[in-house]
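Take a look at the letters that make up each chain.
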Amino acid sequence: MIAIQFVRKLLEWVPVAVFALMFIFLGIEAPTLFTPFTIDLMLKQAVPTVVVSLGLAVVIITGGDDVVSGGIDLSIPAAAIIAAAIIADQVTNHGTALPIALAFALLAAITVGALNAFLVVMIRMTPLLATLASSVAVVGITKMITQSKRINVTDPFIVFLRDGTVIGLSAGVVAAGLLTLIYWFLMHQTRWGMQAQATGGGREAADISGISTKRYQAISFLLAAFTGFLASMFVLARGSGSSPGTEENLLLEMVLATFLGAAFSPRRKVTVWGAALGAVLVAMLSVGFKSIGVNVFWTGCIKGALILIVVASAAATTRGRY
Amino acid sequence: MKWLLRYSFLLVIAACIVFFSFWNPVFLSAGNQMNILEGSAILLIVALGMTLVVAMGGIDLSVGIALDFGAAFAVVALKEYDAAWYVAILAGIVGGCLIGLLNAVLIVWLNVSAFMATLGTFFIGSSVQRIFTNGGGPISHRRMPQEYRDLAVGDFGGVPTEVLIAGFVLILYFIFLERSILGKRIHAIGLQPTAALIAGVEVKKIIFASFIIAGATCAIGGLIASANIRMFTPLSGFSYLLDAIAAVFIGASMHPRGRPNVMGTLVGVLFLGILANGLNLMGLNFNTKDALSGVILVLALAFAIGQRRLTSLRKGQT
Amino acid sequence: MTPILDMAGISVTFPGVKALDKAMLTVLPGEVHGLVGENGAGKSTLIKVLAGVYAPDEGVVSLGDEKHISTLTPNLVHTAGVRFIHQELHLVPHFTVAESVFMGQEISGRFGLDKSTMNARTEDFLRETLNADISPRTLIRDLGTAERKLVQISRALIDGRATLVVFDEPTAPLASDEVDRLFAAIGGLKSKGIAMIYVSHYLREITHISDRVTVLRNGKAVKVFNEVSDQITDPMISAMVGREIAEMFPKKENTSNKKLFEARELSGMGFSQVNFDVAAGEVLGIAGLVGSGREELIDTIYGLLPVTSGSMTLKAEAYNPKRPAKAVKAGVALVPRDRRHDGLVLDQPVIDNINLASLEEVSTVLMEKRGVAKNRAEAMANQLDLRPRNVTMIPRLLSGGNQQKVVLGRWLAKGGDLFILDEPTVGVDVGAKVEIYALIRELAAQGSAVIVSSGDPLELLGLSDRIMVLQRGFLAASHDAKDVNVDSLVALTTGGSSGAIE
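Protein chains in written order, with the numbering used here: chain G, 1 to 322; chain B, 323 to 640; chain V, 641 to 1142.
Note that these hints are calculated values from the structure, not bench results. Any given hint might turn out to be false.
Pair by pair, the computed Cβ-Cβ distance ranges are [as the list claims (entries may be wrong)]:
1) G:V16 <-> V:S756: 26 to 34 angstroms
2) V:G704 <-> G:L10: 52 to 60 angstroms
3) G:V18 <-> B:P460: 48 to 56 angstroms
4) V:T778 <-> G:Q147: 44 to 52 angstroms
5) G:V16 <-> V:I877: 54 to 62 angstroms
6) G:Q147 <-> B:V481: 35 to 43 angstroms
7) V:I747 <-> G:R267: 20 to 28 angstroms
8) V:S756 <-> G:T154: 48 to 56 angstroms
9) V:T778 <-> G:N152: 54 to 62 angstroms
10) V:P714 <-> G:T190: 24 to 32 angstroms
11) V:V1012 <-> G:V18: 53 to 61 angstroms
12) V:R980 <-> B:V481: 22 to 30 angstroms
13) V:S756 <-> G:V296: 32 to 40 angstroms
Only some residues are given here: those of chain B computed to face chain V with a beta carbon under 8 angstroms [stated by the list, open to error]:
14) R501
15) I503
16) T516
17) G522
18) S561
We put the beta carbon where it would ideally sit given N, CA and C, even for glycine.
Construct the complete structure from the given sequences, taking the supplied hints into account.
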């Protein structure tokens, strides 16, 4: 009995250990990797993933961490991509002023969130199916907007997000850090956040405590879509414009980062700061592997395997009676 | 009234047919009807694999990968090893089985949820294809044996082979899932796995086998696709994923107890086939068509599941 | 003294059943009022009327000085200071104690949640009102069941406005030593002048803590005891059952004594070194509190949990099933305690549920012979007097007793040598109970060995030939059923706690 519990405790640390080993390996292979300059570079690379992971964390915290019956939002990257496409199209092709373009983009992203909320809360589709479907529709519409072409953006604000610095740190990194703080405060330090957590922790228990769980779930999708909108600016900044097919990688990194964060959190639950940390770690790995010359096509494989290691170790530690 | 609600999705399909035939009378021609069937063949095969997995209470996000692997194994066997056509077919199915096996191991042995496991398989499978093709370039094989090529372009008495293959798979699945005792057990597992376990059902073995069967089924779709264009295009299977899921759920919405079922899936697939064909005939731009079909898909799913909820509310259950 | 709660002449009718028939319940300020009755007697319906969940067809409910007739709403009841401690805990495992207590009623300061105040108030409340010392920062999943129960109680009472607290089977999931902690908490509440309604099956607890007791039977309040002592246990039982206990149970005829199943030094998760055997034609009862290892022992015999040491023999052959499918193949059948979750596929028709364990027998080359399957299910439905006699219905819509008949029907159709029934009559009405008891004895009479595990001493005494008692994972006693009575059996199961054995 005690031996089994001990093995389970050990298994809990497998994801952490795997990451530690990888970083040790990278540190030996490429000692230049952990200089302030490269770290800043890696953080910059991580910004869009950090932002969308915050959104996914909110949805999972509020919906519960069972991927099928609980909360999941696969459409955040799609919301980010359509918002980026709208901004790029408006600013570059139509000469719209950036604030107005941003307003359009925000509207589009929030519409995606509202659609998810409608499908999940009103129609009672499982979040998985609902957000997968809306993601495909949104990617389709994005293609229509951009005609599957790359659109460059040279707007000074976007360029500032890429190259600018605030108190010695990259503007994007500072912004993502602030956003993480805000979402952390909202989800973990307010009544609203506690009740959202209660909703995700046990729908019935929350209902009995007089929490209107439906409203929380609906709002969580809107908050997630909002991170999609915010991420769009960083996506534009990172890629100097909107390019087709960015969403798939963002989706992978987002899911990996969020669940990885759970493996690092003391309660083994998805948290806002955990998701942000996970996103940073994932980006560091990507950059790290690239810098030691690993074929870029391998990264999907490595990340996919990492997801599986994380969830398999979580599954092994919570294996129930049957 | 209950009947009307349950089958209201058929009315939506009828409305689509009327709409498309007004727009372009060619839509109703016998030739075009065969086009719809031909265009739906691969999706039907993939959707049947998905029906099996969803009926068992899971989900398979890696159906596209299994399809790709089926195509890749067969094309490589033909091109690099000069394999006979039937060996190539076998190789392709083995390719699909491998993907199913990976899923099965993750889900049954490592206890990973079906969603996470098949998502991981999806990413790993995509990455492997990129590595193998050095970034995603197609592997073409112009001098394909005619027998293999006939999987897609041949016909028996005027009926295209791919339609026949899809029909054959459909019948097999119908017998397997809706008439055999294995099907009963699979549905029981999908509804209440512990109850099935305690009733003496070999839950783990059945789940294990089902994922492999689903992978093999999707690989058949890959064989047809590769025979059709005489090449293996990496990552092309992804486009079937959502359509397959949608078809299964549309089909489930027509079942009295909301269960995924073979005939319902067929209706769902035909709906999507009619939609794609009709939009094509409207002469829309490729990107516009993609956008439109995505939006219609969301609406159709919302409608199918929403009306199902209405029906059950009427019966006083939730 | 004006009663704090007065329910009079309450009737509630469900389709086909009169759940309450002019029932009454009066609770005086500051008293602990026991509410007892068999399953289906109307206890939970009465509580739900008080909660404002069901509107009664007739009757008056007075809370304090206010009179309400069928206008009780959950909100109104809450405002009046009535709190319900449900059987289910409804706690989030990864929340801390304080987070759980303040769930839905969090305290917020200027800089977000005021965690220190919530922690302090939780700690104070647990210590001062419930006499419990639990750190407010502990996670729920690290607490024992009794402590979780106390957290649940704190959540209902933390606002300090409770005047009447309803406990619904609060000790059901607790081990004996944990019950004392709950009683200490109840004592704390009582000293604060809070009145309580205490619903329980455990008559010993009722006599231990109640000031007065109301007995319900068939929807009527058949008896009120104004004086409570150990002497009222027997009158309480006969008031509950309404007939001689002996009449409920079929005659015992032990036909053979050939050993069919044997466990030697069997250990598993939650029990160790258990020795016992069952003969063909015999009904063996297993008694034990929750946490005694009773559930785990059964799961282990059925292959749901692993054997850690020791051995089992079935029909003189070594037996270690590893998984249920193997147990079934070997001729073992389990009627699980949670029939809705583990026993039935609720949304598959009765036909499929009955045939699920023996599908090979209704098929040729794996194809189901639907006519044969239906006939077989119908024959079984007739044999078991399933109501309604419609085998295309889904079990979700059946009553508890009829659901249990479907589970039993499945194993009768399959046949077997060893039948294990875990809490076979929980949530089953008295009529169906009698039928199920008869069926169990019939199985034994036909030469099967039967193991019945139950928390109901009456059931075990009436049904079994022999009774073995588990205590904290060890076999504490094994007796012929005729050598024990309710009191001695309860004393055996509860072991050393609260001086039960002197």
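Index of numbered hints that the structure contradicts, given in increasing order: Numbers 3, 4, 12, 13, 18, in rising order.
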